[in-house]
Each structure stands twice: as structure tokens, then as C-alpha cells.
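Novice: Sequence:
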Amino acid sequence: MNMFERAHITFTLLALFIILHTGQVVAPERNPQLGGTRECTYHFSPDGKVKGRASCMADPDHDYSCETDTCLTQYNHGYDNFYYYGCHRPDVPYKDSIQAVQYFRRKDDGYASVQDARKQLFWDCNFNAPNAPHNNQYLICDGCYAV
Numbered sequence: 022m023n024m025f026e027r028a029h030i031t032f033t034l035l036a037l038f039i040i041l042h043t044g045q046v047v048a049p050e051r052n053p054q055l056g057g058t059r060e061c062t063y064h065f066s067p068d069g070k071v072k073g074r075a076s077c078m079a080d081p082d083h084d085y086s087c088e089t090d091t092c093l094t095q096y097n098h099g100y101d102n103f104y105y106y107g108c109h110r111p112d113v114p115y116k117d118s119i120q121a122v123q124y125f126r127r128k129d130d131g132y133a134s135v136q137d138a139r140k141q142l143f144w145d146c147n148f149n150a151p152n153a154p155h156n157n158q159y160l161i162c163d164g165c166y167a168v
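Position one of the sequence shown corresponds to residue 22 (my numbering), numbered consecutively onward.
A hint or two may mislead.
Stated by the list, open to error - Simulated DEER-style distance windows between Cβ atoms: (1) Val168 x Pro114: 35 to 45 Å; (2) Val168 x Val113: 29 to 39 Å; (3) Asp130 x Glu60: 13 to 23 Å; (4) Asp163 x Asp112: 31 to 41 Å; (5) Arg127 x Pro67: 12 to 22 Å; (6) Val113 x Asn149: 17 to 27 Å; (7) Ala79 x Gly131: 14 to 24 Å; (8) Thr62 x Asp90: 33 to 43 Å; (9) Tyr166 x Tyr115: 32 to 42 Å; (10) Ala167 x Pro114: 35 to 45 Å; (11) Asp163 x His109: 25 to 35 Å; (12) Thr62 x Asn102: 13 to 23 Å; (13) Glu88 x Asp112: 30 to 40 Å; (14) Arg127 x Asn97: 36 to 46 Å.
For the record, the hints were derived by calculation from the structure and aren't laboratory data. Note that CB positions come from ideal geometry on N, CA and C, so glycine has one too.
Model the full structure from these sequences, guided by the hints.
Specialist: Next comes the structure, spelled out in C-alpha cells:
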């Protein structure tokens, strides 16, 4: 081996060491617009724009795609145990409880329009309904990004 080959190998190993040094490899900062936790205070649907992911909206103009199985209410109820109570429809005055599939919260009007898991009908559930302290609930989801 001549002197130039040794220098070339030494230089290559030095460059490789610098490139692969753990201090040189830094994960990019997480962009809050591309992921994280979202409060679905306006709308939630298990069938979002991205197949297999939920739609979570805090207002009508911003939709986020979230992992459905991470969604919990602020009372720590999971999506599979998500109920509203004392709801009504124009043709039916009262229903004891409904398991929610999706909802639209009408904060200014004091109720949520909730789709029933059984018959897929929408019911209006007043936030201040008697014996229904959790009717003001909404889901909070993780693994979300803007769509």
C-alpha cells in the first residue's frame, strides 16, 4: 500500500465517523400543525377524509385526521363507550340513551346533534338535560394531522 492509499482510507474513515456520529443526527422538530392531540369540540366522525382514520374538528374550517382508537372524552370515556342521554328528535320526544357514532356540537345553541350507532339517526342532546351531566362532552384524539 502506498502513502496515498493510506491517506485516502484514513480520510474516508474520518469522514464516515463524522457523518455517523450520533451528535450529528438530530430528529426534526415536531410541527404542531402536522400532528399531536386535538380537541374535537365542533365535530367528530370515525370516517374521516383519510381511510381508517377519524375526522376531528374544533371549528368548521380546520379538519384533522386522527387515530380513532386514541380518542377519549374529557371524562376518559373511550369512543366505544361514548353515550349521550335524554336526547330528542322532532318525531320522538325523548330517548334515554344513545351510543354516539358522530356528532356536531352547537355550543351557542346548547346542544349536540349526535348520530345514533344503532339506527344511524341524528338526535339533539341538550347540554343541560336532566340526569345527563356528560352531554357537554366531546372527544380528544391523538396522532392527528391537518387534512
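Novice: Taking the hints in turn, state whether each one holds.
Specialist: Each hint, compared with the structure:
1. Val168 x Pro114: 35 to 45 Å: holds (38 Å)
2. Val168 x Val113: 29 to 39 Å: Check passed, 35 Å falls within 29 to 39 Å.
3. Asp130 x Glu60: 13 to 23 Å: Given about 19 Å between the Cβ atoms, the range holds.
4. Asp163 x Asp112: 31 to 41 Å: Check passed, 38 Å falls within 31 to 41 Å.
5. Arg127 x Pro67: 12 to 22 Å: Once the Cβ atoms are compared, 20 Å apart, the range 12 to 22 Å for Pro67 and Arg127 holds.
6. Val113 x Asn149: 17 to 27 Å: holds (20 Å)
7. Ala79 x Gly131: 14 to 24 Å: The hint (14 to 24 Å, Cβ to Cβ) holds, given that Ala79 and Gly131 are roughly 18 Å apart.
8. Thr62 x Asp90: 33 to 43 Å: At 20 Å between Cβs, range violated.
9. Tyr166 x Tyr115: 32 to 42 Å: holds (40 Å)
10. Ala167 x Pro114: 35 to 45 Å: holds (40 Å)
11. Asp163 x His109: 25 to 35 Å: Cβ of Asp163 to Cβ of His109: about 33 Å, so the range 25 to 35 Å holds.
12. Thr62 x Asn102: 13 to 23 Å: Since the Cβ atoms of Thr62 and Asn102 sit about 20 Å apart, the hinted range of 13 to 23 Å holds.
13. Glu88 x Asp112: 30 to 40 Å: holds (36 Å)
14. Arg127 x Asn97: 36 to 46 Å: violated (24 Å)
Comparing the model with each earlier hint shows violations of hints 8 and 14; every other hint is respected.
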